[in-house]
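A.B. asks: As a plain string of letters, each chain reads:
Number of protein chains: 4
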Amino acid sequence: MENSLGKLFTITSFGESHGRGVGIVIDGCPAGLPVAEEDIQKEVDKRKPELWAGATPRVEEDKVEVLSGIFNGRSTGAPICLLVWNKDIDSSGYERMRFLPRPGHADFTAFIKYGGYNDYRGGGRFSGRITAGFVMAGAIAKRLLSQIGIEVLAYTIEIGGIKANPQSIDGIRENAARSPVRCADPIAAKEMIRVVEQARTEGDSVGGIIEAIALNVPAGLGEPAFDTLEGDLAKALLAIPGLKGVEFGSGFSAAQKRGTENNDPFAIRNNHIVTLTNNAGGILGGISNGMPIVVRAAIKPTASIARSQETINLRTVENDSIEITGRHDACIVPRAVVVVEAMIAVTLADFALRAGLIPRVIK
Amino acid sequence: MENSLGKLFTITSFGESHGRGVGIVIDGCPAGLPVAEEDIQKEVDKRKPELWAGATPRVEEDKVEVLSGIFNGRSTGAPICLLVWNKDIDSSGYERMRFLPRPGHADFTAFIKYGGYNDYRGGGRFSGRITAGFVMAGAIAKRLLSQIGIEVLAYTIEIGGIKANPQSIDGIRENAARSPVRCADPIAAKEMIRVVEQARTEGDSVGGIIEAIALNVPAGLGEPAFDTLEGDLAKALLAIPGLKGVEFGSGFSAAQKRGTENNDPFAIRNNHIVTLTNNAGGILGGISNGMPIVVRAAIKPTASIARSQETINLRTVENDSIEITGRHDACIVPRAVVVVEAMIAVTLADFALRAGLIPRVIK
Amino acid sequence: MENSLGKLFTITSFGESHGRGVGIVIDGCPAGLPVAEEDIQKEVDKRKPELWAGATPRVEEDKVEVLSGIFNGRSTGAPICLLVWNKDIDSSGYERMRFLPRPGHADFTAFIKYGGYNDYRGGGRFSGRITAGFVMAGAIAKRLLSQIGIEVLAYTIEIGGIKANPQSIDGIRENAARSPVRCADPIAAKEMIRVVEQARTEGDSVGGIIEAIALNVPAGLGEPAFDTLEGDLAKALLAIPGLKGVEFGSGFSAAQKRGTENNDPFAIRNNHIVTLTNNAGGILGGISNGMPIVVRAAIKPTASIARSQETINLRTVENDSIEITGRHDACIVPRAVVVVEAMIAVTLADFALRAGLIPRVIK
Amino acid sequence: MENSLGKLFTITSFGESHGRGVGIVIDGCPAGLPVAEEDIQKEVDKRKPELWAGATPRVEEDKVEVLSGIFNGRSTGAPICLLVWNKDIDSSGYERMRFLPRPGHADFTAFIKYGGYNDYRGGGRFSGRITAGFVMAGAIAKRLLSQIGIEVLAYTIEIGGIKANPQSIDGIRENAARSPVRCADPIAAKEMIRVVEQARTEGDSVGGIIEAIALNVPAGLGEPAFDTLEGDLAKALLAIPGLKGVEFGSGFSAAQKRGTENNDPFAIRNNHIVTLTNNAGGILGGISNGMPIVVRAAIKPTASIARSQETINLRTVENDSIEITGRHDACIVPRAVVVVEAMIAVTLADFALRAGLIPRVIK
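Chains as they are written, first to last, in the working numbering: chain A, 2 to 364; chain B, 2 to 364; chain C, 2 to 364; chain D, 2 to 364.
Isolated chain A, as found in the complex:
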């Protein structure tokens, strides 16, 4: 069950980078949810490579196919299977690298774990391409969350050392989606593009940080002791290739704060219970407290770089080197933003169902 996630809203991922296609089965979606194929397509399109000059390494035109679970424009209560086919891709380049694990990639660990039987072409099961399935599931989850007013927004706050200035919610809504790097701060965005392009020119790559907020999450989501909101969000996010750290609210910076600073005082404002600060990131004791959920995720620099790198030969078990050809994203952060959004939506949908906030049939 390692390719399934979630208890009541469960997604099961399948497919490989250079196989027939990439898909997802969504089990537990209430019946009656209005879902148009376009809703899903729109999300998948956000995964497209960047628009700015020179940034497009590989064209993917992923047309979403609904294989089951949607009938007359609504979910039926049965499992929803969604698929994008892979285009015919020349995989011959990967034969050459088959026994030369690329540093920073899963080639080595997959080879060991699956005894060399794994589909190694294009990273196979470990390619970022499988996140197309995550995004399709995210589209359904977002539709479901919209029933109770929950909105998830992810955006880039740092790339290659360039940090964005904080923006208003409206600023994020307006600017992040339009920015090629999904950054809501237009000035920082420009800088970010520059450092990505510079890294690419030098045959190198850069990483970054994505922040996400979930708005209108009612208090009470999360199922401690173990199925905490933080724990399940972190687990879902860490399934995204290249993501190496997750923090909530003040996160790692809390280590340098005092209790008097970090505690969020409760107060009544406009007849609502709020906290006056949000160092908790909207989560106390593993349960949402009604404030915006705030989570940040660290993305490492793209492992595929156009430089010769030291590696070993898995067949001869000797030192060797590898040069990765082809075009690759010099920074995957912008494309990962919609995937972060999807994984958060999927997790919140599961908790909303577990908390009984969404009925089993949507009228």
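Be aware that one or more of the hints could be misleading.
One copy or two, either will do: identical chains are not told apart, so a pair holds if it fits within one copy or between any two.
[Stated by the list, open to error] Restricting the straight-line Cα-Cα distance to at most 30 Å, the calculated cross-link-like pairs of lysine-lysine (DSBU-like) are:
1) Lys49 x Lys364
2) Lys364 x Lys258
3) Lys191 x Lys47
4) Lys8 x Lys258
5) Lys64 x Lys88
6) Lys8 x Lys88
7) Lys258 x Lys164
8) Lys258 x Lys191
9) Lys47 x Lys258
10) Lys8 x Lys364
11) Lys64 x Lys43
12) Lys88 x Lys164
13) Lys64 x Lys364
14) Lys49 x Lys258
15) Lys49 x Lys64
16) Lys8 x Lys64
17) Lys191 x Lys43
18) Lys49 x Lys88
19) Lys47 x Lys88
Hints listed in this document are in silico derivations from the structure and should not be mistaken for laboratory results. Values in this document were obtained by computation on a predicted structure and should not be read as measured data.
Following the hints, position chains B, C and D against chain A.
C.D. replies: For chains B, C and D alone, kept in the frame of chain A given last:
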């Protein structure tokens, strides 16, 4: 199943701070594992409040009771239930605070989620005390991991802004356990005690960062796409009260690195495949690569502080204030170290079983 | 997770026949459910050995202890741990039989599976005694189901070839509980006692059939394709030692029926949709249809009989024989009735929660 | 997760009768298993409608498509997605019956559970057609079990009251597959065809009983207390539409036996530990004992019959009647045989992996 964690090595937590006791059921432990009650007791004792002057807020003498699953000094293959009884504690102080949620605590979210029926005394189910159960499970998991040579070491690397200098493995093994703050750098440890004491004096508290390494983890642990080693470690760690962020290897600092820096080159050294650096923290594609697993966790400053804080009254729904009396740890980081170790051990035990590395019967 | 059952209402069993005690952890019970210790005790008392002369082999006075999850007379939303301690029992007799697996018992399979490390005393983990835990969970589940009017009734319909005549619901409610063999037909009950006593006199044992009905189950319970109401009920029941078959509605007799006989016509009666017959046993497509759930379970004759039986010696791997001493139930059917009721209640509680029929907080 | 089954070898079902297709995702299959598309196709072909004159109601030419998880003729360790497309079928007939639930079918319960949003065409998700997915999973499971010599054989032992005489294993292997009714007793088979044809002629239908044995199952499979071999087999089988009862070994007839008859004595034969009888059906305490697993399942008469039947109108909530047109199997028992085999194979594969009997990588 929200109080259960793990697929083959499954722990189920029960108990509250001021109830009868705190326990854990461990399901899936192979038969034949030699386990002495002392092994478990030793781990539980590490949770004891600190030894330095003035640091001991509440005396807990937790005597481990084995209720099932161990017979003639060995695990039987049946569920192991372990329990520590709660001492008679005066809970009357909590009546006063019943409707005044403490900032930074789960009082508010628990009240909302459980409709006020939760056991609120001493934080009830959300008290750090329930981690006594985690630690007992960790003791069993460590015994199991020792069968295949895996060792887990956690230690404090930062408290209240004081950062420890990196130490050798031997230095960590020797110094961390003896340090009252579980820090392997003796000079920093002294400083840390000072800042904790200062915070306490000022009615305040401090947070910190715990690092953990797992040694001799063979390549191949982790079950992607979703049950990644990072994901399940993060989820397990985030069940620890006060823990707000998790990162692996270079983690958040990867965001500022280039691919050329962050990629770990593969090489043959002493007939073993290694990586020359370990920015991946021993995990590639969600699977262990044979290098030490490296994980860091951020702990927020203790929420219980001896200052008046703004809060609300849940009954009258009006603004109010609260002053928490009694003695509390001014820094929970040192006591959380053994819990971090336990949760990592529990997670690795689960993955080792899933990978078939530990037989179902230990001879 | 093999000792856990249920997805939202999850029970985790622990304990052995001659260990410290037998317990159960109930996870997922909504907060606010009124539960008195007496409610649980009353159910456990129904497991007591029979009252008629000579039928009492082993005295068990099981006093239920609540270790967690209930506070001020109500469930808190936290895991409920319930325990009955084992009395000091002389286990020395079992040493003699340690390597002589008793025919019809799990001694052999447990020895093989757990490499001889299993607690063999009194059947250990495979003793009927562990069903005391099931019954405690059943008590909670029944309380929960009573919130939505569901009632579960189990009763003996056959023992040692003696078949009971069908009784009215009221007849079952009145007579089954008072009958020493839990049979609602007083005439058959008398006969049953006679055949049990005769078998006992001859050093032999008899089996039987238990029927159970669940009343007021609303249409819509069950989660196909795989979590069908029949499937999960059967799985839950087959955890009861000695239970070897399960059927629903017309069950095995449907094999001899024609579609015209077996199909249940739908009709409106008193403004309710009903079926005019109930060959489906209240379940269509794995989902309850609003009619009474009807299930029957076959219980084999007690494996412990006072006759010399052929067996093998597991140490010498030679043919041998065994004579089981001590007193044993000559028929476990009457004591299994409350366990059948419990397992059905536990399963229905899980499905009622999954269908959203019971709120997460009970006011 | 209601459409997933199994803990280590997990199958996830999707698809509907008149939608795009029917599929299955198999998660947890070890890497390196040789699998040819033909192996899967061969099993699916066994679901074909019968060969004898007049017995073929609906032509299905199901061509298996491998969407993921198999590469160069071997499993890769990644999820295996298998699909059969639905042919263009005229669904217009179902519009007419949309609000007229067919007696014995899931139309009514699905309507209630999914609020009328379910795909009602051809029974949608509740059609026997979804078992095409089960059978594809069974094909993989059988390949896996063949690695350790386990063989699963299912065959008809009763149809419409006609009982087959017991046959030898070789007789079953030879005759059952060739018989149009999958019955190993050629004389009874002829009779069975006759009663099926007679029922069809009369616009009626018949049910029957399928027996299955699993050979060479080593002692030790099954994970009590709750994941018993019987429990999980029963659950898996009860997912098959129309299956209403399951029994193991002497099953329901054990209720009429005495302990002296029903207990299986242990003995050494040819240096193996065996039982001299097999009333336990190869399972003691929920764990296989090394003898053949013996299970029987009752299949009800086909619900679709060519007679006018009483029903209700779900829209008007008035009494009504329905006449089902089109051609339907007058007995689904023969087609269910391969599905029974599949579900047993899937369950045993899961337990074999859980017991550590099959390595994670097959060389």
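A.B. asks: Hints first: check each against the structure and report whether it holds.
C.D. replies: Here's how the hints hold up against the structure:
1. Lys49 x Lys364: neither (34 Å within a copy, 39 Å between copies)
2. Lys364 x Lys258: neither (47 Å within a copy, 40 Å between copies)
3. Lys191 x Lys47: within (19 Å within a copy, 51 Å between copies)
4. Lys8 x Lys258: Classified as neither; 35 Å inside a copy, 36 Å across copies.
5. Lys64 x Lys88: Classified as both: same-chain Cα gap 10 Å, cross-chain 22 Å, threshold 30 Å.
6. Lys8 x Lys88: neither (33 Å within a copy, 33 Å between copies)
7. Lys258 x Lys164: Intra 21 Å, inter 14 Å, cutoff 30 Å: intra and inter.
8. Lys258 x Lys191: Between copies only: 19 Å across, 33 Å inside.
9. Lys47 x Lys258: between (37 Å within a copy, 26 Å between copies)
10. Lys8 x Lys364: Answer is both; intra-copy 23 Å and inter-copy 26 Å each pass.
11. Lys64 x Lys43: Cα proximity of Lys64 and Lys43: one copy only (10 Å, versus 32 Å across).
12. Lys88 x Lys164: The answer is neither: 36 Å in one copy and 51 Å across copies each exceed 30 Å.
13. Lys64 x Lys364: within (29 Å within a copy, 38 Å between copies)
14. Lys49 x Lys258: between (40 Å within a copy, 24 Å between copies)
15. Lys49 x Lys64: within (12 Å within a copy, 33 Å between copies)
16. Lys8 x Lys64: within (28 Å within a copy, 33 Å between copies)
17. Lys191 x Lys43: Result: close within a single copy only, 25 Å intra versus 56 Å inter.
18. Lys49 x Lys88: within (14 Å within a copy, 33 Å between copies)
19. Lys47 x Lys88: within (18 Å within a copy, 33 Å between copies)
In summary, the numbered hints that this structure violates are 1, 2, 4, 6, 12.
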